[in-house]
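Start from chain A and add chain B according to the hints.
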Amino acid sequence: MSAPQGAQAVAQVAKGAAPYWRNAGMTYLAYVNACSAHVRNCLKEPFKSQSASREQIHYKFTEWDNGVPSKPVLRSSNPEE
Amino acid sequence: MSTIVAVMVAIPACLAGTNKESLGDGVGGTNSVKRRGLRDRSLKRNLTGGVYNLDSEEAGKTTANFLLTPLRSPLTIARYGMASGSARRGGARLANLLHGYVNSSSSSSATSASWSQTGIAAGELAPFGARMASNQIVRNRMKSVKSIQKITKAMKMVAASKLRGVQGKTEDSRGLWQPFTALLGDAPGADAKKKIILTISSDKGLCGGINSTSVKFSKALMRLTAASGSDNQASYVVIGEKGKAQLQRDSRKHIKMFVTETQKLPINFSLASALADEIMKTVEFDAIHLVYNKFQSVVSFLPTVATILSPETLAAGSEVGKLGDLDSYEFEGAETKAAVLQNLSEFQFASVLYNAMLENSCSEMGARMSAMDNSAKNASDMLEKLTLSYNRSRQAQITTELIEIISGAAALEASS
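Note that the protein sequences, when read in sequence, are chains A and B. Reminder that position 32 of the first sequence reads as 32 in our numbering, one-by-one numbering, no gaps. The number in our numbering is simply the position in the second sequence, starting from 1, with 1000 added.
Isolated chain A, as found in the complex (with noise of 0.2 Å):
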């Protein structure tokens, strides 16, 4: 494999790469997070508990529309509670 080669298929993987979160339907956001949970998970004990509230959530969400709420919506890291 000569060198341009070589630096094609880098580029096509690359090419490849960077919108497949994308075309997952994730935003940046999501996709920050789900790589902050995978770097969260590789911690060792005790920093891996202390970091584990970090991705705790808890908010509900009202949409309005022309002055009328609908139905909230709870997104909750433990929404039994």
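Hint data in this document are derived by calculation from the structure and do not stem from the laboratory. Bear in mind the structure is a predicted one, so any value in this text is a computation, not a measurement. Watch out, some of these pointers could steer you wrong.
To be verified - In silico DMTMM-like pairs for lysine to aspartate or glutamate, Cα to Cα no more than 20 Å straight-line:
#, chain 1, residue 1, chain 2, residue 2
1, B, Lys1219, B, Asp1250
2, B, Lys1281, A, Asp65
3, A, Lys71, B, Glu1278
4, B, Lys1256, B, Glu1278
5, B, Lys1253, B, Asp1231
6, B, Lys1143, B, Asp1381
7, A, Lys71, B, Glu1241
8, B, Lys1253, A, Glu63
9, B, Lys1194, B, Glu1278
10, B, Lys1281, A, Glu63
11, A, Lys71, B, Asp1191
12, B, Lys1219, B, Asp1191
13, B, Lys1194, A, Asp65
14, B, Lys1219, A, Asp65
15, B, Lys1264, A, Glu55
16, B, Lys1256, A, Asp65
17, A, Lys60, B, Asp1381
18, B, Lys1294, B, Glu1241
19, A, Lys71, B, Glu1261
20, A, Lys60, B, Asp1203
21, B, Lys1194, A, Glu63
22, B, Lys1169, A, Glu55
Stated by the list, open to error - Some, not all, of what chain B presents toward chain A, calculated at C-beta under 8 Å:
#, residue
23, Ala1154
24, Lys1253
25, Lys1256
26, Met1257
27, Glu1261
28, Tyr1329
29, Glu1346
30, Ala1350
What the hints assert, rightly or not - Derived DEER-like restraints, expressed as beta-carbon distance ranges:
#, chain 1, residue 1, chain 2, residue 2, range
31, B, Asp1172, A, Ala52, 16 to 24 Å
32, B, Asp1186, A, Lys60, 27 to 35 Å
33, B, Met1382, A, Asn41, 52 to 60 Å
34, B, Asp1325, A, Ala52, 35 to 43 Å
35, A, Lys44, B, Glu1332, 30 to 38 Å
36, A, Ser70, B, Leu1302, 33 to 41 Å
37, B, Met1382, A, His38, 25 to 33 Å
38, B, Leu1302, A, Glu45, 37 to 45 Å
39, A, Ser76, B, Met1382, 39 to 47 Å
40, A, Gln56, B, Lys1216, 28 to 36 Å
We treat Cβ as the ideally placed atom computed from N, Cα and C, and that holds for glycine.
Relative to the frame of chain A, chain B by itself:
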């Protein structure tokens, strides 16, 4: 006589304590002699108690001697009754005044007029002759003020400890948006057709005016957008219960989205990015104005507007300014300038939102701290005033009753 009164005014509170009610009962002019005798006994009891507590023995003994003299003629009884009646009316006037102070009710002249007619003063809860009633009201009020003060103090402590936790996080998070502003600048006047005004407020109240300021700024931005051109439109996205409560009153048509319970768990970047995603998915926009209170110190908060441009707006404006330099760089792989700008814009939104939420909750805690501090101070001021009026009225009561006794005794002396 006058010296005795002067001494009696200064009698310590212990004399007032126990036998007041028995003194007060049955002092009307129409009392039967039998009741009078009963009353005399209770007077003796009261007075002996008083003498023991009195330091100036001479004065005390004199009074006691007055009182131990038995009743003699009907005339004396009549005089006695008159004297005590007028004295009581004096006490009632005081009580009315006090009552007006406590409940801020009006016209003591009207109450005293009705007093003489009906026997129960208007606004007076107690029946004729029961003098402790208004004092009881003040005492209850003092109790409730005291417990409110306790609550506000506790709230202040809680806010202070929460503030300490969130302040460090806030200061750290400033490092996230500062590079963005250095690179992209802040463009509050960016030319955008569709705008989101993202109002950040708190879910809980009792934190001064921070929510009102965010709402006020949001409304001003809304008016500004409306004035800038007829095809420009803005809509609200509200975070926090209190901001919603204020905005839905007159601009509910403009609210597109409302988020609450963001502070149930500690604020983190995951939350900010989830919210940012949610907002970008739900509402179309060219620019977002985040309105929040920037934390400066425990007592000062700056209402702040941070602007985030959508990738398209960013790309349109990127020819000028520092972003123009992006063209001189080479992008890895297939990343185009547009893709980079999109990622950048998304990340900027999440970072600024993260910081804004932290700043706002920090300001909330600070504002709550100072609000609760003020209310605790007010409560102690109020308590002081109430205690003063309580003691004063009690002393007046004591004085009145002593005058009653002494004048009765003097009348006896004179008639004997």
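Results for each hint:
no.: 1; hint: B/Lys1219 with B/Asp1250; result: 10 Å, holds
no.: 2; hint: B/Lys1281 with A/Asp65; result: 15 Å, holds
no.: 3; hint: A/Lys71 with B/Glu1278; result: 15 Å, holds
no.: 4; hint: B/Lys1256 with B/Glu1278; result: 12 Å, holds
no.: 5; hint: B/Lys1253 with B/Asp1231; result: 17 Å, holds
no.: 6; hint: B/Lys1143 with B/Asp1381; result: 14 Å, holds
no.: 7; hint: A/Lys71 with B/Glu1241; result: 16 Å, holds
no.: 8; hint: B/Lys1253 with A/Glu63; result: 12 Å, holds
no.: 9; hint: B/Lys1194 with B/Glu1278; result: 17 Å, holds
no.: 10; hint: B/Lys1281 with A/Glu63; result: 11 Å, holds
no.: 11; hint: A/Lys71 with B/Asp1191; result: 34 Å, violated
no.: 12; hint: B/Lys1219 with B/Asp1191; result: 18 Å, holds
no.: 13; hint: B/Lys1194 with A/Asp65; result: 16 Å, holds
no.: 14; hint: B/Lys1219 with A/Asp65; result: 19 Å, holds
no.: 15; hint: B/Lys1264 with A/Glu55; result: 14 Å, holds
no.: 16; hint: B/Lys1256 with A/Asp65; result: 6 Å, holds
no.: 17; hint: A/Lys60 with B/Asp1381; result: 42 Å, violated
no.: 18; hint: B/Lys1294 with B/Glu1241; result: 19 Å, holds
no.: 19; hint: A/Lys71 with B/Glu1261; result: 15 Å, holds
no.: 20; hint: A/Lys60 with B/Asp1203; result: 12 Å, holds
no.: 21; hint: B/Lys1194 with A/Glu63; result: 18 Å, holds
no.: 22; hint: B/Lys1169 with A/Glu55; result: 16 Å, holds
no.: 23; hint: Ala1154; result: 25 Å, violated
no.: 24; hint: Lys1253; result: 4 Å, holds
no.: 25; hint: Lys1256; result: 6 Å, holds
no.: 26; hint: Met1257; result: 6 Å, holds
no.: 27; hint: Glu1261; result: 5 Å, holds
no.: 28; hint: Tyr1329; result: 16 Å, violated
no.: 29; hint: Glu1346; result: 4 Å, holds
no.: 30; hint: Ala1350; result: 5 Å, holds
no.: 31; hint: B/Asp1172 with A/Ala52: 16 to 24 Å; result: 19 Å, holds
no.: 32; hint: B/Asp1186 with A/Lys60: 27 to 35 Å; result: 30 Å, holds
no.: 33; hint: B/Met1382 with A/Asn41: 52 to 60 Å; result: 57 Å, holds
no.: 34; hint: B/Asp1325 with A/Ala52: 35 to 43 Å; result: 40 Å, holds
no.: 35; hint: A/Lys44 with B/Glu1332: 30 to 38 Å; result: 32 Å, holds
no.: 36; hint: A/Ser70 with B/Leu1302: 33 to 41 Å; result: 34 Å, holds
no.: 37; hint: B/Met1382 with A/His38: 25 to 33 Å; result: 58 Å, violated
no.: 38; hint: B/Leu1302 with A/Glu45: 37 to 45 Å; result: 41 Å, holds
no.: 39; hint: A/Ser76 with B/Met1382: 39 to 47 Å; result: 43 Å, holds
no.: 40; hint: A/Gln56 with B/Lys1216: 28 to 36 Å; result: 33 Å, holds
Violation of the numbered hints given earlier is confined to hints 11, 17, 23, 28, 37; the remaining hints are satisfied by the structure.
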